[in-house]
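Number of protein chains: 2
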Amino acid sequence: MVQEIDFWFTMGSTYTYLSVGRLREAARAAGVLVNWRPIRNVGSLTGATQPPFLDGTAKMRYMWRDIERRALAYGLPINPPIPYLGGDRFKANRIALLGMSEGWGPAYVEAAYRQWFENRIPNGDPENIRVALLQAGLHQADVERVISVADGDELHKGLDQSTETARETGVFGSPSFVVGSEIFWGDDHLEDAISWAVAGQLRPR
Amino acid sequence: MVQEIDFWFTMGSTYTYLSVGRLREAARAAGVLVNWRPIRNVGSLTGATQPPFLDGTAKMRYMWRDIERRALAYGLPINPPIPYLGGDRFKANRIALLGMSEGWGPAYVEAAYRQWFENRIPNGDPENIRVALLQAGLHQADVERVISVADGDELHKGLDQSTETARETGVFGSPSFVVGSEIFWGDDHLEDAISWAVAGQLRPR
Chain A
18 MVQEIDFWFT MGSTYTYLSV GRLREAARAA GVLVNWRPIR NVGSLTGATQ
68 PPFLDGTAKM RYMWRDIERR ALAYGLPINP PIPYLGGDRF KANRIALLGM
118 SEGWGPAYVE AAYRQWFENR IPNGDPENIR VALLQAGLHQ ADVERVISVA
168 DGDELHKGLD QSTETARETG VFGSPSFVVG SEIFWGDDHL EDAISWAVAG
218 QLRPR
Chain B
18 MVQEIDFWFT MGSTYTYLSV GRLREAARAA GVLVNWRPIR NVGSLTGATQ
68 PPFLDGTAKM RYMWRDIERR ALAYGLPINP PIPYLGGDRF KANRIALLGM
118 SEGWGPAYVE AAYRQWFENR IPNGDPENIR VALLQAGLHQ ADVERVISVA
168 DGDELHKGLD QSTETARETG VFGSPSFVVG SEIFWGDDHL EDAISWAVAG
218 QLRPR
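Keeping their order, the protein sequence lines are chains A and B.
Counting from 18, one number per residue, gives the positions in the first sequence under my numbering.
Counting from 18, one number per residue, gives the positions in the second sequence under my numbering.
Take the hints with a grain of salt, since some may be wrong.
Okay, derived cross-link-like pairs now, DMTMM-like style, lysine to aspartate or glutamate, Cα gap no bigger than 25 Å in a straight line [unchecked claim]:
no., chain 1, residue 1, chain 2, residue 2
1, A, Lys-76, B, Asp-177
2, A, Lys-76, B, Asp-72
3, B, Lys-174, B, Asp-105
4, A, Lys-76, B, Glu-21
5, A, Lys-76, B, Glu-119
6, B, Lys-76, A, Asp-72
7, B, Lys-76, A, Glu-181
8, A, Lys-76, B, Glu-185
9, A, Lys-76, B, Asp-205
10, B, Lys-76, A, Asp-177
11, B, Lys-76, A, Glu-185
12, B, Lys-76, A, Glu-21
13, A, Lys-76, B, Asp-23
14, B, Lys-76, A, Asp-205
15, B, Lys-76, A, Glu-199
Which residues of chain B face chain A? A few of them, derived with a C-beta cut under 8 Å, are [unchecked claim]:
no., residue
16, Ala-75
17, Arg-78
18, Trp-81
19, Arg-87
20, Leu-93
21, Arg-106
22, Arg-137
23, Gly-187
24, Phe-189
25, Ile-200
26, Trp-202
27, Asp-205
28, Ala-216
Treat the hints as calculated values from the structure; they're not laboratory data.
Virtual Cβ for every residue (Gly too), placed ideally from N, Cα, C.
With the hints as extra help, turn the sequences into a complete structure.
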């Protein structure tokens, strides 16, 4: 039986770049099926009214340095300084949701994150959306169609529903990996989630 | 040249148990010197007025499950349900600071955390303090001496100073590992910190 991981994420999340950049290859290598499940944002899960990182804090400085160190270790491109919270992440997540039902979702999310971390154009920025959709293999006409439905009721409702399912599951941050009833939070725990899906236990250290 | 890691921690922290339980052996195996440096509490670093985990939240449930899974994987004892925020963690940290200058600090911190996670007696509880000091090898008379100076000005000032140094270094959570100018936050990053101390880079995944 193929083991499955629900990958819950919001495209406003910085750390999620590290998982998006290596998830498809890691899952393929382990023979695990991944369901990519976008949500609105982290605040919709936790009730928090502030973003997880605030300008001028030690935690914000640490986050960028930590991501840079790990991107280098993973061989993922990164071009600091990276902008934070610049684009319409809600729209980016609605487009990702549509993409998951049409098959181009993971490629769109990967391309969008590369735009953000290589070219400093944040997820949900109009240019990021167009370029990422083209890079995901959509034709120009399809790009226009996607952009024209991205603000529609159906995707709004779909993303709200997805977010509510995440919340009921116990997800409270991005990225999160869910294997059965076990939640693994943070890019650090990607390998643990895969190990749990394959072997029912954490990997040895 | 022996490489050094500053291990910043507060004994109010739950996740710190996972690091305390394996730090001495991991450092010994890697040939790294660890400076154990207690601080007052996380709020003194960040200005936060609430504890990092709140009753009834998904994050709190996740924290306990995550620690339980990882304790089992590390071979560390754990006996849920574990109490949270029950003892006087400030006093526990002052005693740890004294212990670091007298040589019994790491053994006290390890014994105290075992009291908390095996016997459900939180760090800083009077019984936890007595038992942990005895288990750390102090004689009864020394235990009485330590308890009698634990609330004195000198240790209060020392712990405040230590906390201020941590804050100036950019530490904002417990456990944190500092190697030169690099900060690694969280028990997840213990291996990364050791790898950085030994080889100047993150371990491969």
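These are the hints, each one checked on the structure:
no., hint, result
1, Lys-76(A) to Asp-177(B), "holds (21 Å)"
2, Lys-76(A) to Asp-72(B), "holds (23 Å)"
3, Lys-174(B) to Asp-105(B), "holds (17 Å)"
4, Lys-76(A) to Glu-21(B), "holds (23 Å)"
5, Lys-76(A) to Glu-119(B), "violated (33 Å)"
6, Lys-76(B) to Asp-72(A), "holds (23 Å)"
7, Lys-76(B) to Glu-181(A), "holds (16 Å)"
8, Lys-76(A) to Glu-185(B), "holds (13 Å)"
9, Lys-76(A) to Asp-205(B), "holds (16 Å)"
10, Lys-76(B) to Asp-177(A), "holds (21 Å)"
11, Lys-76(B) to Glu-185(A), "holds (13 Å)"
12, Lys-76(B) to Glu-21(A), "holds (23 Å)"
13, Lys-76(A) to Asp-23(B), "holds (18 Å)"
14, Lys-76(B) to Asp-205(A), "holds (16 Å)"
15, Lys-76(B) to Glu-199(A), "holds (13 Å)"
16, Ala-75, "holds (4 Å)"
17, Arg-78, "holds (6 Å)"
18, Trp-81, "violated (12 Å)"
19, Arg-87, "holds (7 Å)"
20, Leu-93, "violated (12 Å)"
21, Arg-106, "violated (21 Å)"
22, Arg-137, "violated (24 Å)"
23, Gly-187, "holds (5 Å)"
24, Phe-189, "holds (4 Å)"
25, Ile-200, "holds (6 Å)"
26, Trp-202, "holds (6 Å)"
27, Asp-205, "holds (4 Å)"
28, Ala-216, "violated (12 Å)"
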